[in-house]
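**Q** Quick mapping for you: the protein sequence lines, in order, are chains A and B.
Heads up: the first sequence begins at 1 in the numbering used here, then just goes up one per residue.
Heads up: the second sequence begins at 1 in the numbering used here, then just goes up one per residue.
Because the hints were derived from the structure by calculation, they are not lab data.
One or more of the hints may lead you astray.
What the hints assert, rightly or not - Stretch-level coverage of chain A by chain B, calculated; a stretch enters the list once three of its residues show a Cβ under 8 Å from a Cβ in chain B:
id : segment
1  : 13 to 21
2  : 41 to 54
To be verified - Listed below are the simulated DSS-like cross-link pairs for lysine-lysine, each with C-alpha atoms no more than 27 Å apart in a straight line:
id : chain 1 : residue 1 : chain 2 : residue 2
3  : B       : Lys-27    : B       : Lys-14
4  : B       : Lys-150   : B       : Lys-250
5  : B       : Lys-207   : A       : Lys-5
6  : B       : Lys-81    : B       : Lys-345
7  : B       : Lys-352   : B       : Lys-250
8  : B       : Lys-345   : B       : Lys-293
9  : B       : Lys-147   : B       : Lys-81
10 : B       : Lys-66    : B       : Lys-27
11 : A       : Lys-2     : A       : Lys-75
12 : A       : Lys-18    : B       : Lys-271
13 : B       : Lys-293   : B       : Lys-95
14 : B       : Lys-166   : B       : Lys-95
15 : A       : Lys-5     : B       : Lys-194
16 : B       : Lys-207   : A       : Lys-92
17 : B       : Lys-194   : A       : Lys-18
As the list claims (entries may be wrong) - Sample of chain A residues with no beta-carbon within 12 Å of chain B, all distances over it, derived:
id : residue
18 : Leu-4
19 : Asp-73
20 : Gln-78
Each residue gets a CB set at the ideal place from its N, CA and C atoms; glycine is no exception.
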Amino acid sequence: MKILKVLDRYTCPGPRYKRLGASSGEDFKEWLIKALNKDKDLTVDLDDTEGYGSSFLEEAFGGLIREGINIDDVKNIQFISNEEPELIDEIKEYIDDAIEELGDCK
Amino acid sequence: MKQTKSISHRAIKKRAFRTRKSKLKRKLRNSFLCSWDVIEKAKDSLRKIKCPHHYITRPSNYLSNKRIHLIVPTEVDYYLKSNYEINNHFLNQIKSCALGSNRRVYLDFSLTTKISAAAMLSLLAEIDVITKKSPFGTYAVSFNHPKDPKIESILKQVGFYGLLKKGKRETPEYDDVNFWKYTSGVCSEPILAKSMIAEIKVELERKASRRLYRGFVEAMSNSVEHAYTDDSEHDEEDQTAKWWTFAGIKGSDLVVVICDKGVGIPRTLPKTQGASQLTNLLKVLGYDPFKVKDSTFIKAATSLSSTRTGKSNRGKGLTDIKSVIDSTGVGILSIFSNNGRYMYKGEKGIVKELMFDYKHSVSGTIIEWTIPLRGDEQ
Numbered sequence: 001m002k003i004l005k006v007l008d009r010y011t012c013p014g015p016r017y018k019r020l021g022a023s024s025g026e027d028f029k030e031w032l033i034k035a036l037n038k039d040k041d042l043t044v045d046l047d048d049t050e051g052y053g054s055s056f057l058e059e060a061f062g063g064l065i066r067e068g069i070n071i072d073d074v075k076n077i078q079f080i081s082n083e084e085p086e087l088i089d090e091i092k093e094y095i096d097d098a099i100e101e102l103g104d105c106k
Numbered sequence: 001m002k003q004t005k006s007i008s009h010r011a012i013k014k015r016a017f018r019t020r021k022s023k024l025k026r027k028l029r030n031s032f033l034c035s036w037d038v039i040e041k042a043k044d045s046l047r048k049i050k051c052p053h054h055y056i057t058r059p060s061n062y063l064s065n066k067r068i069h070l071i072v073p074t075e076v077d078y079y080l081k082s083n084y085e086i087n088n089h090f091l092n093q094i095k096s097c098a099l100g101s102n103r104r105v106y107l108d109f110s111l112t113t114k115i116s117a118a119a120m121l122s123l124l125a126e127i128d129v130i131t132k133k134s135p136f137g138t139y140a141v142s143f144n145h146p147k148d149p150k151i152e153s154i155l156k157q158v159g160f161y162g163l164l165k166k167g168k169r170e171t172p173e174y175d176d177v178n179f180w181k182y183t184s185g186v187c188s189e190p191i192l193a194k195s196m197i198a199e200i201k202v203e204l205e206r207k208a209s210r211r212l213y214r215g216f217v218e219a220m221s222n223s224v225e226h227a228y229t230d231d232s233e234h235d236e237e238d239q240t241a242k243w244w245t246f247a248g249i250k251g252s253d254l255v256v257v258i259c260d261k262g263v264g265i266p267r268t269l270p271k272t273q274g275a276s277q278l279t280n281l282l283k284v285l286g287y288d289p290f291k292v293k294d295s296t297f298i299k300a301a302t303s304l305s306s307t308r309t310g311k312s313n314r315g316k317g318l319t320d321i322k323s324v325i326d327s328t329g330v331g332i333l334s335i336f337s338n339n340g341r342y343m344y345k346g347e348k349g350i351v352k353e354l355m356f357d358y359k360h361s362v363s364g365t366i367i368e369w370t371i372p373l374r375g376d377e378q
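Required output: the full structure, derived from the provided sequences and hints.
**A** Right, dumping it as structure tokens:
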């Protein structure tokens with residue numbers, strides 16, 4: 001099992017896209033894809049950063065679905081968030097919304 | 001007999017001249033509420049009658065180096081409706097003078113006795129844009145040292161002196177002034193948000209500070225991503241498409257303000273959501289889509305996530321901005337965008353939200369959070 005600690009790369013998670021600024025959700029998504037390709041059993045530790053904007057989280061996790069990553073692999077990601085436990089539900093909601101949207105497109 | 005006639009003719013001419021001069025003087029006196037160009041025209045007419053032979057022919061592209069004297073309002077403030085209108089009218093004057101007519105401006109702070117965060121940030125942002133766009137550069141705007149030492153101290157602290165490269169004088173230290181932090185940027189730079197709220201963070205609960213960071217980053221990203229889309233006045237090349245922020249303490253409240261000078265939420269919302277989505281959203285909120293004011297657009301933008309009618313993966317930024325108040329349970333969120341203002345006092349507030357529409361526009365968007373400090377919260 002691989003644990004990905006967000007703080008290792010982003011002390012201050014930023015905007016949605018790379019073009020908008022540093023530490024973006026898009027950048028984090030690419031990191032997640034690389035990690036998922038190496039190990040499907042992934043845990044993301046969200047603690048100890050300054051906080052998260054919803055665009056960052058949506059692009060990182062909802063974006064995984066839009067990128068065509070296997071839905072089961074994305075749903076299988078585990079989370080650690082002791083500081084803000086409600087973030088986990090929020091991320092799951094983003095993943096579900098992206099799956100729903102993908103279904104609508106098909 | 002001939003002599004008498006001549007004297008009488010001269011007397012009539014002199015009286016007519018005096019009457020005309022006195023009329024022009026009265027016109028100038030009465031034009032103090034008019035725009036700067038009306039006042040300048042009145043001054044010029046008076047000058048021409050005083051010195052009738054002093055006509056100067058200029059080329060059409062001539063840029064006058066003479067400064068236009070503009071008096072800064074007594075209260076640089078957006079909280080009172082009357083002050084809001086006066087301040088935005090004043091900002092429009094500066095803009096039309098410095099950018100519309102390429103004239104230099106002299107700001108007279110002699111009468112100013114009060115400065116509040118949102119209005120000051122709006123003034124600072126406008127001056128920043130002018131110094132970057134005007135052919136005179138930083139010399140486009142100059143100002144006098146305010147008479148009130150506290151006002152002078154505020155202007156020093158918020159970087160007004162630095163922006164216009166004016167020498168600073170020694171002023172007394174004020175605790176509530178020294179706490180103000182100012183920053184600005186072009187990209188979404190969360191590291192700047194971190195350093196800016198680092199000091200004030202200790203005053204807030206950890207959770208509230210994370211929520212504040214969240215709202216702040218989203219507001220910053222919104223201004224970078226949407227505020228300057230289709231904006232012909234500002235662009236990234238000349239560094240005018242940017243955001244400006246203040247954070248500090250006002251009395252027992254923490255105040256964080258972020259401002260952009262873009263096209264405003266009422267113009268960006270129809271583009272980001274699309275006409276049909278926006279119509280649905282307005283209907284859900286109980287508004288007639290054909291009679292929408294700017295404050296309604298702001299409310300609609302902050303309700304995107306809760307109503308679930310917007311594009312599902314976009315437009316949650318303003319909800320994050322609102323959630324800062326929900327997480328603390330107290331405080332006020334105030335969003336000014338173009339001619340509208342939306343105030344949110346949290347789910348627990350007696351009056352949950354307030355909406356206002358004004359005559360003058362803030363020419364952009366200003367988001368302000370006012371959160372009581374930890375001690376007062378308890």
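**Q** Would you mind marking each hint as holding or not holding in the structure?
**A** Comparing the hints with the structure gives:
Beta-carbon proximity to chain B at under 8 Å applies to 7 residues in the segment 13 to 21 of chain A; the threshold of 3 is reached and the given coverage holds. Closer than 8 Å: that is the beta-carbon criterion, and the segment 41 to 54 of chain A has 5 residues meeting it against chain B, so the requirement of 3 holds. For the proposed pair Lys-27 of chain B and Lys-14 of chain B, the alpha carbon gap of about 20 Å is at most 27 Å, so the pair holds. Simply put, Lys-150 of chain B and Lys-250 of chain B have alpha-carbon atoms about 14 Å apart, close enough for the 27 Å limit, and the pair holds.
Simply put, Lys-207 of chain B and Lys-5 of chain A have alpha-carbon atoms about 19 Å apart, close enough for the 27 Å limit, and the pair holds. Simply put, Lys-81 of chain B and Lys-345 of chain B have alpha-carbon atoms about 19 Å apart, close enough for the 27 Å limit, and the pair holds. A threshold of 27 Å between alpha carbons decides the hint, and for Lys-352 of chain B with Lys-250 of chain B the separation of about 22 Å falls inside it, so the pair holds. Restraint check for Lys-345 of chain B and Lys-293 of chain B: the C-alpha separation of about 21 Å stays at or below 27 Å, so the hint holds.
For the hint pairing Lys-147 of chain B with Lys-81 of chain B, the CA-to-CA distance comes to about 25 Å; that is within 27 Å, so the pair holds. Between the alpha carbons of Lys-66 of chain B and Lys-27 of chain B the distance comes to roughly 22 Å, so the proposed pair stays at or under 27 Å and holds. Between Lys-2 of chain A and Lys-75 of chain A, the direct Cα distance comes to roughly 15 Å. Compliance with the 27 Å bound is thereby established for this hinted pair. A C-alpha spacing of about 22 Å is found between Lys-18 of chain A and Lys-271 of chain B, which places the hinted pair at or below 27 Å, so the restraint holds.
For the proposed pair Lys-293 of chain B and Lys-95 of chain B, the alpha carbon gap of about 25 Å is at most 27 Å, so the pair holds. In summary, the hint linking Lys-166 of chain B to Lys-95 of chain B is supported, as the alpha carbons are separated by about 20 Å, within the 27 Å threshold. Among the hinted pairs, Lys-5 of chain A with Lys-194 of chain B is consistent with the structure: their alpha-carbon atoms are about 19 Å apart, no more than 27 Å. Among the hinted pairs, Lys-207 of chain B with Lys-92 of chain A is consistent with the structure: their alpha-carbon atoms are about 20 Å apart, no more than 27 Å.
The straight-line distance between the Cα atoms of Lys-194 of chain B and Lys-18 of chain A is roughly 19 Å, inside the 27 Å bound, and the hint therefore holds. With a closest Cβ-Cβ approach of about 19 Å to chain B, Leu-4 of chain A is found to remain outside the 12 Å limit, as its non-interface label requires. Even its closest Cβ contact with chain B, about 19 Å, leaves Asp-73 of chain A beyond 12 Å, as expected for a residue assigned away from the interface. Annotated as non-interface, Gln-78 of chain A keeps its C-beta farther than 12 Å from every C-beta of chain B; the closest such distance is 21 Å.
In summary, the structure agrees with every hint in the numbered list given earlier.
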